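*Asks:* Protein chains in written order, with this note's numbering: chain G, 1 to 630; chain X, 1 to 170.
Here are the simulated lysine to aspartate or glutamate pairs, EDC-like style, with alpha carbons at most 20 Å apart:
{"#": "1", "chain 1": "G", "residue 1": "Lys54", "chain 2": "X", "residue 2": "Glu144"}
{"#": "2", "chain 1": "X", "residue 1": "Lys157", "chain 2": "X", "residue 2": "Asp126"}
{"#": "3", "chain 1": "G", "residue 1": "Lys55", "chain 2": "X", "residue 2": "Asp145"}
{"#": "4", "chain 1": "X", "residue 1": "Lys109", "chain 2": "X", "residue 2": "Asp126"}
{"#": "5", "chain 1": "X", "residue 1": "Lys113", "chain 2": "G", "residue 2": "Asp485"}
{"#": "6", "chain 1": "X", "residue 1": "Lys25", "chain 2": "G", "residue 2": "Glu328"}
Calculated from the structure, these hints are not laboratory results.
Predicted model only: the values in this text are computed from it and were never measured.
This is what each chain is made of:
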Amino acid sequence: MTIDELNKIKKEYEELVLVRKLVKEQGEKLAEKTGYRKQVLVCGGTGCTSSGSKKVIAALEKSLKDNGIEDEILVVRTGCFGLCSLGPIMIVYPEGAFYSQATPEGVERIVKEHLVEGNVVTDLLYQETVHSDGSILSLSETPFYKKQLRIALRNCGVIDPENIKEYIAMDGYQALAKALTSMTPDQVIDEVLNSGLRGRGGGGFPTGRKWSFTRASQGDVKYVCCNADEGDPGAFMDRSILEGDPQCIIEAMIIAGYAIGAHHGFVYVRAEYPIAVQRLTIAIEQAREKGFLGKDIFGSGFDFDMEIRLGAGAFVCGEETALMTSIEGNRGEPHPRPPFPAVKGLFGKPTVLNNVETYANIAQIILNGSDWYSSIGTEKSRGTKVFALGGKINNVGLVEIPMGTTLREIVEEIGGGIPNGKKFKAAQTGGPSGGCIPAEHIDTPIDYDSLIAIGSMMGSGGMIILDEDTCMVDIAKFYLEFTVDESCGKCTPCRVGTQRLLQYLDKITKGNGEPDDLEKIDELAQHMQKSSLCALGQTAPNPILSTMKYFKDEYVAHIDEKKCPAGVCKSLIRYEIIPDKCKGCTRCARNCPVGAISGTVKQPHVIDSSKCIKCGICITNCKFDAIITG
Amino acid sequence: MAEKTVPAFKDTPEQQQKLREVIDKNKELPGALLPVLHEAQEIYGYLPIEVQQTVADGLGVSLSEVYGVATFYSRFSLTPKGKHRISVCLGTACYVKGADKILAEVEKKLGIKSGECTADGLFSIDSCRCVGACGLAPVMMIDEDVYGKLTPDQVDKIIDKYIAEEGGSN
Chain G
1 MTIDELNKIK KEYEELVLVR KLVKEQGEKL AEKTGYRKQV LVCGGTGCTS SGSKKVIAAL
61 EKSLKDNGIE DEILVVRTGC FGLCSLGPIM IVYPEGAFYS QATPEGVERI VKEHLVEGNV
121 VTDLLYQETV HSDGSILSLS ETPFYKKQLR IALRNCGVID PENIKEYIAM DGYQALAKAL
181 TSMTPDQVID EVLNSGLRGR GGGGFPTGRK WSFTRASQGD VKYVCCNADE GDPGAFMDRS
241 ILEGDPQCII EAMIIAGYAI GAHHGFVYVR AEYPIAVQRL TIAIEQAREK GFLGKDIFGS
301 GFDFDMEIRL GAGAFVCGEE TALMTSIEGN RGEPHPRPPF PAVKGLFGKP TVLNNVETYA
361 NIAQIILNGS DWYSSIGTEK SRGTKVFALG GKINNVGLVE IPMGTTLREI VEEIGGGIPN
421 GKKFKAAQTG GPSGGCIPAE HIDTPIDYDS LIAIGSMMGS GGMIILDEDT CMVDIAKFYL
481 EFTVDESCGK CTPCRVGTQR LLQYLDKITK GNGEPDDLEK IDELAQHMQK SSLCALGQTA
541 PNPILSTMKY FKDEYVAHID EKKCPAGVCK SLIRYEIIPD KCKGCTRCAR NCPVGAISGT
601 VKQPHVIDSS KCIKCGICIT NCKFDAIITG
Chain X
1 MAEKTVPAFK DTPEQQQKLR EVIDKNKELP GALLPVLHEA QEIYGYLPIE VQQTVADGLG
61 VSLSEVYGVA TFYSRFSLTP KGKHRISVCL GTACYVKGAD KILAEVEKKL GIKSGECTAD
121 GLFSIDSCRC VGACGLAPVM MIDEDVYGKL TPDQVDKIID KYIAEEGGSN
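Extracted from the complex, chain X is given alone in its bound form (with noise of 0.2 Å):
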């Protein structure tokens, strides 16, 4: 199985700029704080504890609300995501048609859990709850495609075509 390892934070300029405008835009604006947590995900990818304290400092609020609301919503992640993101529904309809199936061999194919991400940062693993793609259960979303009506035997196939995109690393 593949270690589960957290870099260590960086960023460039670019990005504390980005999060400083977005904070001084927001600052007047009552309950800003999801509003600011969500871009500033877009901004980094995740939010390490380092950009929790800035946006605590910029909107006057303590790190322990940041981080209580941080925690609280799963659409926030406090750890990085991997390159492709692979996201497979265990809504309802998805389930019933055997998701669980689905995820199981994502996890075997890739060595990791849901929730984690592979060592070399191409892939994570996360499972959801309902894309609203039901038509087309049981679905995984890699990044922004869909595929849906899916079976098991599938998966390899799917992830090869990422991984061949890569150079053919991992």
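Chain G extracted, bound-state conformation (with noise of 0.2 Å):
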């Protein structure tokens, strides 16, 4: 492959796939270009793969050829578009009509009446792309994405994952040519330094000062890595770029070899994502067919190969050593640093590891100059981040903002609000290693300083956003519960103190908390995070430390007066008559299986919570509203 090979195939496909980026006029010129009447994007992501994609793609097919329109409507499977609860998810270009919730019977009705007729079924669409006088806004207008910048996930949704050719279109190994053909290893170094790019795995250390250790280290043998294991329960962000535009990762790979002076890399992805690993295969060969893996890429005499190797559920190999020695084909279990992976990694060599989104920002830095990157974000945070929006909130999908957005532009205005008209709590960041954003500080600029000053991490991206109705002791139960399952247990502070603190917790939740359990979970947790071998024992602690921070009157409550302010905890749960709204009807009386509940006719009633079994069927049945739980 030489440059003008890729330009000729760029050139080739640009117009197709630049259909699907313009404003509705111009990409109808285009598309009369093209070849193809109409371009018909669906999502083959996860998310709208769960939501029956497949099935919406067979009936979409099969409905273009009873129509006889198949030569003329392009029909592309792509990755996500962000908005997984709407899935399945089906865009129609030029027009850039955005169905969601597509069904095969919705799909019918939109070939004959959209893709033959001409006229876009605006009851299916996405009801935020809808005007009141029926005109249609593009899917960058609508709130949800209108504050996103997609840099990471630039082609995501927009080209088909499975096509090398369609990401040599959007600019795909341009980069890779301009560095090996006009950089120095050096000036490449030079060049994400500059950025201000740092880690987007969770640690944010920056990425060119983990390059130029690694270049600086002797040795023939070197190794690039990618951290394609996503641990955090609740986060698909990695996932979602392998799903959809995977060569980007193999391009930065490449990029990273020939910055460092390696020749060979490995992906270690997580067995779990079968669609991420089967496009990730198909996509390292395509490019080995186009010779940018291979021998004297761009004819540099550079040379590069990759390979997949499969996690196999072990929340700990997420962590840099662990991961190494899990590809060596040993248990997962980390080993102390120094040496750092930069010096002795994988197999003892010296090797660079980062994660899929920092290198899907790789190829853009390259192309576009660290000036421009670094000018997006803060100060101490450049460029952009991705987060994995999910639990009690109207949007639940993927996100990506320029650093420093603030929290309530994600929840508020990006993520919709909270359904059912509840009140926003906390949002959980950084998953199983984090803490909690209370409602105080929603106007926390998003960026990792500012993070860790109020007790929380930027994590790796999820963002789990909790409503009035969550316990916050609970959570983190259930956040210890996840770290004494995945703790490997080679070293004590970890292994046992994890067990100890969820001891604590369990304690705490079955109203059985003593009033200086907190100071003794205090201490333990400041051993924990000075002793433990690696990231997993020393955060553990962080999901009990940021709630009992900002949360501890729940502690408190549990505790001493053995309740459950959120009504979660189903120990502390008591059920209790309010004798004014009683009417003395006996109906609970006579439902309660266990005869709990006493009164006379006419007067009210009462429940005695020692032989309660907290079943809620008096609560089912009182026409009064009078039974509540605290």
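Since each chain sits alone in its own frame, please combine them into the complex, following the hints.
*Replies:* Right under this line is the structure:
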């Protein structure tokens, strides 16, 4: 592959892909030239596939044939658009008509009315994109997308991830060509360093510095690794990038190899992500076929190849030394640093290891320059961050925001607020290693340092929104159960410490907490932070510490009053009858399976909590809303 | 409650042949143990001690090393799974939306606990951490099919569908 050949492919496919990026009128003109009147993009990511996008695609292809227009319409299966809760998602270009929750029946109407007759089926559109006068908004104008800036996700939902030519059409492999033919490895590292890019896996270490350390290490053999072992439950950024734009990871890893002097790469990806593994496998084959992987890339004399290794479900393997131990075929246990991977990493050789999202930024930085990238974001956190927004929020999905965007903008504007009119209580970031951001800090700008300052962390990008119905002690317990499960057992502070912390929380949520428990938790947590071998144990107390910091009253209520204010911890729920509301109809007493309710007719009844089994039958039977839990 | 039984290990000449091919193909690969165990589990459905022994002999490592790795990772199972594998997601997004109630309902319906297999070998239940379909929380998977936006009262019907397909046994 030469640069001329690369540009030829780019030219050939550019217009086809551009139709999906341009505003309506320009897109229409361009569409005429491409040979396809219209293009239908259907999301083939995990979220939409789970909602049935395969059936939708099958129905679409059949319907196009039935109507005899299969040659005029291009069907593209893309990666994630971001709005996973509305899946399966389908977009028709050049209009940019955004159909949500598509069904095989709906598809028949869309083919007939829209694709054949030319009338957009307004009632099947995502209603946020429909004006009151019936005209439609483009996707980028909706509240969900307006505040987003897509750099890492630039191609997700735009290109066909299984067609390298569409990637090339969107400037794919131009950065590699530029680096290999007109830049020295040191210049590449300087560009990454000056961009201010920091590790997106959660640690936030400057990527350029990691690369320059590894370059400086002596050795003939070095490795480039990609951490795609996304372990935070509730996070799916890396999976979406691998599913939607796998080539951008390959290109970045080759660039990293050139920069540090490595010729082989490994992608360590979760076995739980079959679609991502499949797309990445296809992408590597296509890159090899085109000569981007292999010998003498772009005639520069530089060789590079790579392979995939599957994880096997161990959270600790997200830690860099554990990940490399796992690739070596062992139990994925971490080991002490130093030596750092830059000096002694995979198979004992100098190794650079970055996260998927970090790599997804590299080609754009090389292509557009570090000045461009560092102009986005805040002073110490440049660029953008992808978050998987989930929990009690209307727009569940994938968002990419410039660093410095406030939590309020994410929750209220992009996320569309909390469902059922409930109140925002906290956002949890950083998963089992992170903490929560309470409502009083909702105006905190999202960047590495601001989040650490308030006792949370950026993490890899999981953001779970919690509403007033969530018990913070229960959430802390949920994360501790996770870390107890996932602690590898190598070091004592983590192996035993996580279990002891969980025992405290278990005790508290069962109503057996004692006044000095919180102090003991605090002391134990500090020991774990100081003496655990790896980040898993060092950060495992974070979910407790940050909930204790901001929601101490809830812990106190559990311990002193034996009450769960949110009504979640079952052992602490008490059923009570409000005397003023009770009419004495006896219905509850007659239906109580254990005879815990007593009282005379037309007099307020009472519940004997020692007999009550908290089944809730009384509440469903009461016609006067006289029974409450607390 | 159904009894938890582990049937005696049986394999076919085809399975033996396949495993040998996998071992031979990966023998020279640095860090071969994990890829081989993945493929071995694909062939047998689980990793009984007999299969671990074959892998150990084939790759020239000790059985204790193979056992150590096989028990470290949650994806590897040393006991057989049911014909239909039910996997309830207990990731954060699903948990916040009540996934624990879904799991309890599945356990109640089948009379076994998470990590177990019904006596007739039809169903096994596992909990998992995030299948990445957080937009549809709470989520459970039966084999390759994903059931999203679940409520506990839907569980009964969904499982009955699989029982009916098996001719009403169980």
